[in-house]
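The chain contents come next:
Protein chains: 2
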Amino acid sequence: MLKGISHTGIAVKNLDEAIKVYQALGAELGEIHDAPESGMRAAMVSAGGDTLELIEPVGDGGVIAKFIESRGEGIHHLCIEVDDIRKMLAELAEKGVRLIDNEPRQGIEGMVAFIHPKSMNGVLIELLEK
Amino acid sequence: MLKGISHTGIAVKNLDEAIKVYQALGAELGEIHDAPESGMRAAMVSAGGDTLELIEPVGDGGVIAKFIESRGEGIHHLCIEVDDIRKMLAELAEKGVRLIDNEPRQGIEGMVAFIHPKSMNGVLIELLEK
Numbered sequence: 004m005l006k007g008i009s010h011t012g013i014a015v016k017n018l019d020e021a022i023k024v025y026q027a028l029g030a031e032l033g034e035i036h037d038a039p040e041s042g043m044r045a046a047m048v049s050a051g052g053d054t055l056e057l058i059e060p061v062g063d064g065g066v067i068a069k070f071i072e073s074r075g076e077g078i079h080h081l082c083i084e085v086d087d088i089r090k091m092l093a094e095l096a097e098k099g100v101r102l103i104d105n106e107p108r109q110g111i112e113g114m115v116a117f118i119h120p121k122s123m124n125g126v127l128i129e130l131l132e133k
Numbered sequence: 004m005l006k007g008i009s010h011t012g013i014a015v016k017n018l019d020e021a022i023k024v025y026q027a028l029g030a031e032l033g034e035i036h037d038a039p040e041s042g043m044r045a046a047m048v049s050a051g052g053d054t055l056e057l058i059e060p061v062g063d064g065g066v067i068a069k070f071i072e073s074r075g076e077g078i079h080h081l082c083i084e085v086d087d088i089r090k091m092l093a094e095l096a097e098k099g100v101r102l103i104d105n106e107p108r109q110g111i112e113g114m115v116a117f118i119h120p121k122s123m124n125g126v127l128i129e130l131l132e133k
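Residue numbers (our numbering), protein chains in the order written: chain A, 4 to 133; chain B, 4 to 133.
Hints are computed from structural coordinates only; laboratory data are not their basis.
Some hints could be false.
One copy or any two copies: either way a pair holds, since identical chains are not told apart in the list.
[As the list claims (entries may be wrong)] List time: in silico DSS-like cross-link candidates among lysine-lysine, alpha-carbon distance up to 25 Å:
| id | residue 1 | residue 2 |
| --- | --- | --- |
| 1 | K69 | K121 |
| 2 | K23 | K6 |
| 3 | K90 | K16 |
| 4 | K98 | K69 |
| 5 | K90 | K69 |
Given only the sequences and the hints, what does the whole structure look like? Please build it.
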């Protein structure tokens, strides 16, 4: 079962500047996650009852650096919370949906797996089971 | 004050196919809005407690047609609900944020105004006051 959108990930060039931009809109800064091994540094910001994840590339080779290089700043992914990620992946695979991760892996907030944007109308979707 | 994300708008080539894709993920189809004068047809789909707006271009000249032509399918905008849209626009203008609409205009769900993506790290933001 789909529980809702956990967060919207936005690729930004400069995290500190981006935090100020979204604070100007009334969003509130939450946790900052440093993940240099994944080539990124991210800030969770609360937008009312919803959450944005501002993600800055660290180094040149990571997925966020590549995304910004090819498409510029902008929305990178939509994270959708589900109650049973393995069941969801199995159902999607059965329906012919192209998965990036056939098996869930440990993320910051729980088990995660990505669905390929080619199967989701150009939207990179992260599934999350907390 | 920022109340939260009202919906995430996704530009799609074929609305009926896109609805099936998001239903496969567990989302539920809500209202369909026909707006040929704006060059679009849109379906609201519930993703748990959140909402996605799947938007198909109608005709060639509209903003969604142009978006898909230049960037392909994908997330088009983020709609953020605020309690006082005129106050928010004034505050943003004062902070030097580039606005597409200096004045709110009537949308389907209430008064709306767009902020330029150049001021929001590549994200087209629609402000909504219901």
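Evaluation of the provided hints:
1. When the C-alpha separation of K69 and K121 is checked against a cutoff of 25 Å, the pair qualifies both within a copy, at 18 Å, and between copies, at 19 Å.
2. Taking identical chains as interchangeable, the C-alpha atoms of K23 and K6 lie at most 25 Å apart only when they sit on different chains, with a minimum of 18 Å there against 30 Å within one chain.
3. In this assembly of identical chains, the alpha carbons of K90 and K16 never lie at most 25 Å apart, being 36 Å within a copy and 29 Å across copies at closest.
4. Taking the shortest alpha-carbon separations for K98 and K69, neither the intra-copy value of 30 Å nor the inter-copy value of 31 Å comes in at or below 25 Å.
5. When the C-alpha separation of K90 and K69 is checked against a cutoff of 25 Å, the pair qualifies neither within a copy, at 31 Å, nor between copies, at 38 Å.
This entry does not satisfy hints 3, 4 and 5, going by the numbered hints stated previously.
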